[in-house]
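Two chains, two frames, some hints: make the complex.
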Amino acid sequence: AQTVTQSQPEMSVQEAETVTLSCTYDTSESNYYLFWYKQPPSRQMILVIRQEAYKQQNATENRFSVNFQKAAKSFSLKISDSQLGDTAMYFCALIEGGSNYKLTFGKGTLLTVNP
Amino acid sequence: EPEVTQTPSHQVTQMGQEVILRCVPISNHLYFYWYRQILGQKVEFLVSFYNNEISEKSEIFDDQFSVERPDGSNFTLKIRSTKLEDSAMYFCASRDSYNEQFFGPGTRLTVL
Chain A
894 AQTVTQSQPE MSVQEAETVT LSCTYDTSES NYYLFWYKQP PSRQMILVIR QEAYKQQNAT
954 ENRFSVNFQK AAKSFSLKIS DSQLGDTAMY FCALIEGGSN YKLTFGKGTL LTVNP
Chain B
46 EPEVTQTPSH QVTQMGQEVI LRCVPISNHL YFYWYRQILG QKVEFLVSFY NNEISEKSEI
106 FDDQFSVERP DGSNFTLKIR STKLEDSAMY FCASRDSYNE QFFGPGTRLT VL
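Just so you know, the sequences run in chain order A and B. Quick note, in the working numbering, the first sequence goes up one by one and the last residue is 1008. Quick note, in the working numbering, the second sequence goes up one by one and the last residue is 157.
Simulated from the structure, these hints should not be mistaken for laboratory data. Quick reminder that beta carbons are idealized off the backbone N, C-alpha and C, glycines included. Nothing false has been slipped in among the hints.
Derived lysine to any residue pairs resembling SDA-like cross-links, with alpha carbons at most 25 Å apart:
hint, chain 1, residue 1, chain 2, residue 2
1, B, K102, A, N993
2, B, K102, A, R936
3, B, K87, A, G978
4, B, K102, A, N924
5, B, K87, A, Y994
6, B, K123, B, Q51
7, B, K102, A, Q937
8, B, K102, B, M60
9, B, K87, A, G990
10, A, K1000, B, I83
11, B, K87, A, S958
12, A, K963, B, K87
13, B, K102, B, P150
14, A, K1000, B, T155
15, B, K87, A, T913
16, B, K102, A, T896
Okay, the calculated bits of chain A under chain B, using three or more residues with CB under 8 Å as the criterion:
hint, stretch
17, 934-948
18, 994-1003
Beyond 10 Å from chain B on every Cβ pair, some chain A residues (computed):
hint, residue
19, Q901
20, T917
21, D919
22, T953
Chain B with its partners taken away, still in its complex shape (with noise of 0.2 Å):
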């Protein structure tokens, strides 16, 4: 069965370092996500990609943050300059043409 998976799966930084997740969405979707979820807290929306552009963005997602997809399969999101804050479990999806949106395992980012 196929599946989005990220990497990778835990990843530390130093504050002020920018940082890359990324994700292979399933092969045959055309519509990408990113979201977020601080520890204790609820998911929360960052980011919409369809047609290699950005479809929509949350208030969450500023200048520190791009989202690209530089090939055919993986879908990247990159963090500039982080932030304690930006402490948090970044999950990748693709949504199916049913509004289903399947998600990835998740890349836990602790920045120190």
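Here chain A stands alone, though its shape is the one from the complex (with noise of 0.2 Å):
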């Protein structure tokens, strides 16, 4: 079965600065996708960036980017110039082709951007 794994439940960082948070995953499944969401105090869940395992190029959206260590199973999501904004829990998430695409989340990273 796949499983997702955050190992840091909480991280701080400094408005402006640069933080990335970790990610590693594991699955049978060469056809899968990653997903970074993130969910505010609103509890709204926001996709973020996603990464389609096919795709060696990592992907970004503008602040956010994603390092993709296919080999290493790990999917690590940087936030360039954090803003007060950026507060907020963040998952990441894992769906297996053909596993009807539902989502293995992460047990999530509680991000603090500190002004």
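Structure, rendered in structure tokens:
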């Protein structure tokens, strides 16, 4: 069965600095997708970034980028120029192709951006 | 921009009562999901739904739970006899053809 592990329950960063959130996963499938979701205090789940396993190039979305290390099964999220609005719980998640595309989530990392 | 909506935003119920949580997925999506998040814990998959039937369900989704799509727009989750441990945030999601799941704002269920 697929698993997602986030080993950092909490992190903090100063505004305008860069922070990296870690995620490792396990899957026996060759076709899968990885995601980072943000959950602010409102508890809405917001997609931050996605990565298809077959793509070698790391995904980027503005200030957010990933370091996808397929062999190591690692998928970290880098947030550059951190802003106060980035304060949230961040979940790493995995979809295996052919599994009805259900999301398997990690336990989350609570990121606090300090002024 | 189309979005997934959920009602109510907060539901309080007595243990043993039935609750129905409602979701309106994005109109051209065909795959629908329910997830649950107990406070302070990770988000867990409950059930997926496609072509008017359950395509997969988790161990959590026991006989107390059911889903249906009663019309062309609503997607509901029913809990027949609520327990204290059903207190959680329930998220509905619908999936597009690029395998991205769009989440609703969630329904906070409190069982007393």
